[in-house]
Amino acid sequence: MTCEELLQALNEYVDGTLDLSLAECQEFAEHLAGCNPCQIVVDNIRQTITLYQGQQVYELPAAFQDRLQQQLRKKWQEKFPRPT
Amino acid sequence: MVPVPPAAEPDPSDLDLLRRAGRGDWTAFEGLLARYQGRVFGLALRLVGHRQDAEDVTQQTFLSVLEHVDQFREEAAVATWILRIAANHALKSLRKRRGLPTTSLAAAEDPDDRYAALPHPRFIAPWRELPDQLAERAEVRCLLDQALAELDDKYRVVFVLRDIEELSTAETAALLGLTEANVKVRLLRARLLLRERLTEALGDEAARVFPTHDHG
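Chain order of the listed sequences is A and B. No gaps in the numbering here: position 24 of the first sequence is 25 in the working numbering, and each next residue is one more. No gaps in the numbering here: position 78 of the second sequence is 200 in the working numbering, and each next residue is one more.
It cannot be assumed that every hint is accurate.
Here chain A is said to cover these stretches of chain B; the calculated rule only asks that three of the stretch's residues, wherever they fall, bring their Cβ under 8 Å from a Cβ of chain A [as the list claims (entries may be wrong)]:
id	segment
1	178-184
2	195-205
3	210-217
4	247-253
5	292-303
Think of the hints as simulated: they come from the structure by calculation, not from any bench. Where is the CB? At the ideal position from N, CA and C, for every residue including glycine.
Hey, can you work out the whole structure from these sequences and the hints?
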């Protein structure tokens, strides 16, 4: 396996969905074991995904939150026209 | 005697809330809103990049959820249903802002969707710190937002839906009108571009390695 071939199969490897035969999997692992740059690139990509997935949830601006709530409440009363 | 507090009831599931909301229970709808408004706003902000547009998308999303609250067919998880609605509104908003036709993110013959044209890693170095240490720092959070915002729309959209919101390849392909193969290539390009950008900022220069053979 060349670095180029490894690069093309990176997604499947990182996501754990590598659709390869046992022999091809071994080839992938052997390449990584003998190729420090590829090993670092794989680690970097995993860390990139981890960082983005760990980001905090955005807070809604307070004024917008109030407006949103009011508008939804109004629409709700039109859709379910009875005391809530 | 110290009064014993009543045992806390487990939080209702999303599906419980949605079913109750579908029968006209406003409090249940408010519960769903509280659970998902931050996530929807974040998705919108990452896709459209403008606070005002992200607010509009969030509003349109929950108006759509409200309108169809009694028609949910339980074919997908509630979270996926809400995020799909949000992504659809965000994509419409993005196309409108860019003045693009609706098919613009789905050009089937895009030469960048081939593996042959993948960007090769240039700055290869282990990071100076681990992700959980980095995530605490405000400047890293800015770097993440900035790196994402700099990506071409077609890559950013796929990265946000697949890696941040964790939609499946098939769901992402259906939303964007792309083939699953195109989604995979765009995701790989997005990951490589973000890796490059983040490693330039977070990589350990002293431990930088250079491929000894043709790295690609």
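The hints, checked one at a time:
no.: 1; hint: 178-184; result: holds (count 3)
no.: 2; hint: 195-205; result: violated (count 0)
no.: 3; hint: 210-217; result: violated (count 0)
no.: 4; hint: 247-253; result: holds (count 5)
no.: 5; hint: 292-303; result: violated (count 0)
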